[in-house]
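With chain Z's structure known, arrange chain H on it following the hints.
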Amino acid sequence: MLPVYVVLFQLGSIFSDFEIIMKIAGLLFIVSFVRQHIPDRPLLSNVVILGLSSFLLFDVWKIFGSALFLYLLVSFGVLHLLVDLSFLNAFQRRPSHEDMQREQARQRAEREREMEEAREQGYEVPRRGNEEEYGYDGYGEGEDESGHSHKFMQGAAKARQAHGGASHASSGKHGNLSNVSAQMIQRIMQQRGGGGHR
Amino acid sequence: MTHNQERGNLIIGTLLVILGLALVPFIIKLVFPQIDLIYKVVLIFAIYSFVTQMLQNNSTLSLLITGILVYFMVFKYGDIFTSLWFLSIIFTYVGGTLLVTSARDFFGFGGEEGGHGMHPPR
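For the record, the sequence lines run as chains Z and H.
Quick note: the first sequence uses this note's numbering, first residue 1, plus one each step.
Quick note: the second sequence uses this note's numbering, first residue 1001, plus one each step.
What the hints contain is simulated information worked out from the structure, not anything from laboratory work.
Nothing here was measured: the structure is a model prediction, and the numbers come from that model.
Be careful, since some hints might not be right.
Examples of chain Z residues lying across from chain H (beta carbon under 7 Å, computed) [as the list claims (entries may be wrong)]:
1. D17
2. I21
3. L28
4. R35
5. F76
6. L81
7. D84
Where is the CB? At the ideal position from N, CA and C, for every residue including glycine.
Okay, chain Z solo, but in the shape it has when bound:
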């Protein structure tokens, strides 16, 4: 146990010595600051230096010492290092093939989940393998900003015409195809937080 005590004692003395060095550096910063701002009145500047030193170096030394340490680190350019780390990580990274595949799979799963929810709520939604009738393949090609497929809209219009127009045959339990698709799209947009059709 004795070597451990010796090491801890030496570490403690190192920290206390570093604290003395930091206090002297803090005193120098205070002197420089005060003399820079009160250059013409030596007596007043000495009084201000004494007051500031006794307050900052003894009363609130824990806060002032931490701030001084951070200031020294920043002035030595350590902040540069953090900025470089974040920039190199966030902005200079190119997408790899695996990342793109994972992103596509995630979008596909999300879209199928939304379709499944709409189907459970009673809307008529094309299933995979049956999407030729509606011209929708379910994979987001030609999507607009809200994620809805132009191809799907065109296919729905085509199907509407094939069934005899919007006011004709009902194709779901909630009404005709145009109402169903409009309600479904509105619901999806509400779920995504984009509001409904206005």
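Relative to chain Z, chain H alone:
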């Protein structure tokens, strides 16, 4: 390997590069022991110029404070402050960019493609 792991690797790599740079003065001292004297003289001049610049005059007080700082920073913990002085020069003049890019591109920390790749999907 996830994005966070890559970033963690890059941070660890940068810290290792900094640690390696801090060891450079020791290695030079092992090869040329006489350079220790030069380190000490340079540190004393740096401390003296810092103190006189801060006190804005050259008086007995500046000599006293310089003496205290020289005792601690040059003679008692000379090796530590030599490394810190070396690192401060590198950070000031070269910048941290070289350290981070060397950790990534030269030593290969931060992912297989050198840390490239977009943010992975949620």
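Discussion item. The hint names D17/Z as touching chain H; please verify it with the least Cβ-Cβ distance against 7 Å.
Written reply: Constraint on D17/Z satisfied, holds at 6 Å.
Worksheet item: At a threshold of 7 Å, is the proposed contact between D84/Z and chain H supported by beta-carbon distances?
Response: holds, 4 Å
Discussion item. Under 7 Å is the threshold here; is the Cβ of R35/Z close enough to any Cβ of chain H for the hint to stand?
Written reply: holds, 5 Å
Worksheet entry | Status of the hint placing L81/Z at chain H (closest C-beta pair under 7 Å) | holds, 3 Å
Practice prompt. May I ask you to test the interface hint for L28/Z with respect to chain H, counting a Cβ-Cβ separation under 7 Å as satisfied?
Written response: holds, 4 Å
Fill in: Status of the F76/Z interface restraint (C-beta, 7 Å, chain H)
holds, 5 Å
Fill in: Interface hint for I21/Z, Cβ within 7 Å of any Cβ on chain H
holds, 5 Å
Checked against the numbered hints above, the structure violates none of them.
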